[in-house]
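Visitor: Kindly produce the complete structure, drawing on both the sequences and the hints.
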Amino acid sequence: MKKGLLISAGTIGGLGSVFFINNPSFADSSSPSPTKSPSASTSRTFETTVKARVKSKVWVNVRVPMSSAQKNINGKFAGTVVDVGYGNVQVMIVVTSGVITEVKALQAPGGKRSRPYSEYALPILVQETLQAQSAKIDGVSGASYTSWGWTTSLQAALTKAGL
Amino acid sequence: MARLTREIEVWGTVLYVDVASPDVDESALKTGLDRVQDFSLHVDEVFSTYKSESVVSKLRRKEISIESTSDEVKEVWNLCVAARDMSGGAFNPWAVAGGFDPSGLVKGWAADKCAEILQAHGGRHILVNAAGDLALRGGTFVDGVVQPWSIGIVNPDNRQETVRHFQISDGAIATSGTYEKGAHILDPHSGMIAIGAKSATVIGPNGALTDALATALMVEGRDGAAIFGNPELSEYSVWVIDRYGDVAWSLGPLS
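As they're listed, the protein sequences go chains A and B. Note that the working numbering has the first sequence beginning at 1, numbered continuously upward. Note that the working numbering has the second sequence beginning at 1001, numbered continuously upward.
A portion of the hints provided could be inaccurate.
Unchecked claim - Label-pair ranges, simulated between beta-carbon atoms: (1) B/Glu1026 - A/Lys76: 46 to 52 Å; (2) A/Asp83 - B/Arg1035: 22 to 28 Å; (3) A/Thr159 - B/Asp1038: 31 to 37 Å.
What the hints assert, rightly or not - Anything over 10 Å on all C-beta distances counts as not near chain B; from chain A, calculated: (4) Lys76; (5) Thr96; (6) Thr159.
Source of the hints: derived by calculation from the structure; they are not laboratory data. Since we're looking at a predicted model, the values are computed, not measured. Where is the CB? At the ideal position from N, CA and C, for every residue including glycine.
Guide: This is the structure:
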């Protein structure tokens, strides 16, 4: 492989384009969610769908509540436990007024060989999830980290939260 | 467009692979990933300095000579020679305690090989992330458009952040830094811990050389950017954050 480098003249999408906002629409938010307020389960709420890129090529559709009822989504939501082959990954999100304010790893590979890697990988994944500042990043040079188990568990947590 | 990703735990870290192709089906890509997995385990058996029976361990103990080894070991040996000479000795796998240690180059070399294996199985859009040393082929296919892969450089002062992004379709990128595993790079000239740079990134066509030269730049700091005046390295780009936080770079002609 002796192909030369091709570096694009400009970044595509730009680093700021974390969210792609679709046309707002009226949606029935009747899907059950553990900590939605009772009123939210029956109200028709004005909301819009955004695509948030949580990691690498994975996008999650996040319905952003526009009504006060939807903003009542609060609580902690644990994702599924994902076996990544060398240990388990489990993500928990903290949602405040419909916004993810905290992401934690409840479980991460902790074996003798995996621990240093987990200690290193998790802060990056937390950062990416929270800020999505690296929405356009496909990989990080100088860091060893994983994503698959994280993303899988995170999506489960988002679904559980009704986000 | 068939697409598969896989994480492989090997070399004491994780190898992450992303492969896509419009030409072959998923089963072909899966076979490619299986071969990559086999290869990565094989590399561990041959090149690990932690396995006493590896070829490299035997070389270190001088139980065998380089002439008696396989073509791939000779290839890595020769790349080490080239990297040592190009870097003016700042990368020197023979100047470490215990004898010849190609670890500073093998990950980047292996990432290239993994990408080639995937191409041989029909992969067109390929990212191989060998614990921060990446080999990239064919850009990435997003929403019907082929774009360069976007690679972040980790911030040496806050590894939760990235400090710069590079767009790369084909090539390799390696970053060496003081943040990972502590200060682990020795200055072969002095035998002391290298304090030349905080973080050094090299982009170029050859993964082994990007890996080795990123290590060399850690030793030389900003001054090491002069290495890239070497005509043989005209296709390479370098980006260094020195110990005072200043940056220096020398971007190749295609950047």
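Visitor: Holds or violated: 22 to 28 Å for the Cβ distance of A/Asp83 and B/Arg1035?
Guide: holds (23 Å)
Visitor: A cut-off of 10 Å on Cβ-Cβ distance, and A/Thr159 was said to be off the interface with chain B. Does that hold?
Guide: holds (21 Å)
Visitor: Between the beta carbons of B/Glu1026 and A/Lys76, is the distance compatible with 46 to 52 Å?
Guide: Taking Cβ atoms as reference, B/Glu1026 and A/Lys76 lie about 37 Å apart, which means the hint is violated.
Visitor: Range hint 31 to 37 Å: satisfied by the CB atoms of A/Thr159 and B/Asp1038?
Guide: Because 36 Å falls inside the window, the suggested range holds.
Visitor: Closest CB-CB distance from A/Lys76 to chain B, is it above 10 Å?
Guide: holds (22 Å)
Visitor: Is the nearest CB of chain B more than 10 Å from the CB of A/Thr96?
Guide: holds (21 Å)
The structure fails hint 1 only (numbered hints given earlier).
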